[in-house]
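> Given chain X, work out where chain E should sit, using these hints.
Chain by chain, the residues run as shown.
Protein chains: 2
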Amino acid sequence: MDQGVKFIVDKKDLSTQARTGVLITPHGAVSTPVFMPVGTQGTVKFLLPEMLKEAGVEMVLGNTYHLYLRPGHEIIRKLGGLHTFMNWDRALLTDSGGFQVYSLSALRQVTEEGIIFKSHIDGSKHLITPELAMNIQEALGADIVMCLDDCPPYGVDFATAERSVKRTLKWAHLCREAKKLPTQALFGIVQGACYPKLRSRAAEELKVMGFDGYAIGGLSVGEPKEMMFEIIAHTAAFLPPSSPRYVMGAGMPVDIVRAVSFGIDMFDCVIPTRCARHGLLFTNGEKVVIRNARYREDERPLDETCDCYTCRKYSRAYLRHLFVAKEALAMTLATIHNIRYYMRLMERIRESIGKGRYGEFMEEFIKKGGWENDR
Amino acid sequence: MDQGVKFIVDKKDLSTQARTGVLITPHGAVSTPVFMPVGTQGTVKFLLPEMLKEAGVEMVLGNTYHLYLRPGHEIIRKLGGLHTFMNWDRALLTDSGGFQVYSLSALRQVTEEGIIFKSHIDGSKHLITPELAMNIQEALGADIVMCLDDCPPYGVDFATAERSVKRTLKWAHLCREAKKLPTQALFGIVQGACYPKLRSRAAEELKVMGFDGYAIGGLSVGEPKEMMFEIIAHTAAFLPPSSPRYVMGAGMPVDIVRAVSFGIDMFDCVIPTRCARHGLLFTNGEKVVIRNARYREDERPLDETCDCYTCRKYSRAYLRHLFVAKEALAMTLATIHNIRYYMRLMERIRESIGKGRYGEFMEEFIKKGGWENDR
Chain X
19 MDQGVKFIVD
29 KKDLSTQART
39 GVLITPHGAV
49 STPVFMPVGT
59 QGTVKFLLPE
69 MLKEAGVEMV
79 LGNTYHLYLR
89 PGHEIIRKLG
99 GLHTFMNWDR
109 ALLTDSGGFQ
119 VYSLSALRQV
129 TEEGIIFKSH
139 IDGSKHLITP
149 ELAMNIQEAL
159 GADIVMCLDD
169 CPPYGVDFAT
179 AERSVKRTLK
189 WAHLCREAKK
199 LPTQALFGIV
209 QGACYPKLRS
219 RAAEELKVMG
229 FDGYAIGGLS
239 VGEPKEMMFE
249 IIAHTAAFLP
259 PSSPRYVMGA
269 GMPVDIVRAV
279 SFGIDMFDCV
289 IPTRCARHGL
299 LFTNGEKVVI
309 RNARYREDER
319 PLDETCDCYT
329 CRKYSRAYLR
339 HLFVAKEALA
349 MTLATIHNIR
359 YYMRLMERIR
369 ESIGKGRYGE
379 FMEEFIKKGG
389 WENDR
Chain E
19 MDQGVKFIVD
29 KKDLSTQART
39 GVLITPHGAV
49 STPVFMPVGT
59 QGTVKFLLPE
69 MLKEAGVEMV
79 LGNTYHLYLR
89 PGHEIIRKLG
99 GLHTFMNWDR
109 ALLTDSGGFQ
119 VYSLSALRQV
129 TEEGIIFKSH
139 IDGSKHLITP
149 ELAMNIQEAL
159 GADIVMCLDD
169 CPPYGVDFAT
179 AERSVKRTLK
189 WAHLCREAKK
199 LPTQALFGIV
209 QGACYPKLRS
219 RAAEELKVMG
229 FDGYAIGGLS
239 VGEPKEMMFE
249 IIAHTAAFLP
259 PSSPRYVMGA
269 GMPVDIVRAV
279 SFGIDMFDCV
289 IPTRCARHGL
299 LFTNGEKVVI
309 RNARYREDER
319 PLDETCDCYT
329 CRKYSRAYLR
339 HLFVAKEALA
349 MTLATIHNIR
359 YYMRLMERIR
369 ESIGKGRYGE
379 FMEEFIKKGG
389 WENDR
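Chains as they are written, first to last, in the numbering used here: chain X, 19 to 393; chain E, 19 to 393.
Read the hints as simulated data drawn from the structure, not as lab findings.
Take the hints with a grain of salt, since some may be wrong.
Pairs count within a copy or across copies, as identical chains cannot be separated in the list.
Stated by the list, open to error - Straight-line C-alpha distance at most 20 Å; calculated PhoX-like pairs for lysine-lysine:
{"no.": "1", "residue 1": "331", "residue 2": "71"}
{"no.": "2", "residue 1": "344", "residue 2": "63"}
{"no.": "3", "residue 1": "71", "residue 2": "385"}
{"no.": "4", "residue 1": "96", "residue 2": "331"}
{"no.": "5", "residue 1": "215", "residue 2": "225"}
Okay, chain X solo, but in the shape it has when bound (with noise of 0.2 Å):
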């Protein structure tokens, strides 16, 4: 591992795979399992920095993809790098623009050099090479960084398949070697679609590659819950146990409270973000649409268990007045607290690990079924 971040498992579950441990980073230790929020854009989506810290956030997922064409990194690189831009001191890491690339931009045709792509903001025309892959994921300077990889849509032949995880290894060499800063911990990703052979080979030969991390990518596009399970069942269990396991992308709680039972110990997702903005709220058990009429005169709290500051300063009522006027601080309240939902999951979920009681944990949580449990 490089001298930048540092990884320590710190305590196993007893009947699963589950573990705590700290992920150690040159802006702050990082309590694994960690959930990441998506900042987007340089931005949690109406959230200021202060926000994310009072909520328990210790770590942010910046993407590459957006950065690079707006505002570009190399203006994110004469500005001090991503942290300072956006005014956010703790651990932060960017994604290679794989993935982004791979659900937002008009054309995408990949070659053995990189993908070659149309912006999704002027149309103009892009070509990510494992190189420049690295080169502003170095300029944006986050503490961890992703290789390039080929993430092939669901449903794809193994052939397909196949040939994505060739050039997700390939490329995977390439950045590893066009890597410059030793600050910066590089990890592996490892592709394969559905195809549990494809996926153990390509952790067992990123594994001989050596990376400071390994994530599970390509999942979360479309395919049966059960099979996302599988596979990261499957290719955790090849990967090193002294090395973090990030499974990308995957985000509804009980999503991750079940990967974390495989030993999954990193995960982003636009969830809690992106449902707060269209008024569904994550609380203790109950689906909150806040723009329904019940709660019109509904002076409680959003969450009586929950003590993140929309519910310890506002009810359900201005809440969901806030959305029916199309009101911006509707947006701010709810990220704010479905933020805070999620890091309160991740306490629960480190404290059961900690009591060797993490299998009943996820049992309650999975039978106690509702909101948190939908897809």
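Frame of chain X; chain E shown alone:
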């Protein structure tokens, strides 16, 4: 003056009518001249109450018209009043709805009884009478409430203006009778369009009835600027010196500076908040249109002389990026800055008055020209 709100004139300028004072309300003391940011729908757009406090805001204005229509004043009453509803524990003033009805509703018909209007939200028909205006404002529970007034558009003939003055005076009397809460201060509103004779007559009659403060209404509706100041100067002279004087809705920095010289103590305006949302930022002298390409790589704070959160933490390049990328945080950071600019302006105004040098301050401010002097 009622038991709730007291006004104490503190210092008087030597060469102008400017004065400083303290408005003591059940929700804290307010230094005058004061600027009140507008919280139309139970929130100053994009800001948490803590941000307003950090910017130095001591009093906020709420819009009766909007809150009456949505969520409804009875809901706010039930939830403990507007202070509790919106989590604002400092002073609050609510307008009567008269001006908002004039500027927003689809149909507006003024009768002797009150104002009939169609909701801008759902087209429903409503009649606001003086009694209802008081009842709504009692439910909202602001520290200062306003009489219902008939605000004619710019350019009305003398007879129409006279009719609106008569109505406004009759309604002022009815509001005075209808107001129940001794903790709420009630302000009368002087109408009279651009006719000094009508303005002084209205001021005299309100003075005889006796109110806790006096507002000059019906300005900033399209009249030439010099006419506005003529009316302010003329009317202020007829209002009792021991009571607070409030010019409703006027609010470019230079307007405030000039109006203060005629003895005006209170202001409200959407300019700082609305401009912020459009990326128009007030700085000490320079006009900043933050989307401008010249700020693309500008690592300086928005205003090097400003102590606001935004200027302490972010570069112009970051603010520009957020605006260009249409990120909501842009609006939050810009609003924080513009509000702080206004609060610092009021501090400078009070300081100059305290030193008896307001005339010089004003002259310099006007001479400087630039953005702050734009209409």
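> All hints are to be evaluated individually against the structure, with a verdict given for each.
Verification of the supplied hints:
1. 331 - 71: Both ways: residue 331 and residue 71 sit 18 Å apart in one copy and 15 Å across, limit 20 Å.
2. 344 - 63: both (16 Å within a copy, 10 Å between copies)
3. 71 - 385: neither (31 Å within a copy, 45 Å between copies)
4. 96 - 331: Between copies only: 17 Å across, 40 Å inside.
5. 215 - 225: within (15 Å within a copy, 89 Å between copies)
The structure shown violates just one earlier hint, number 3.
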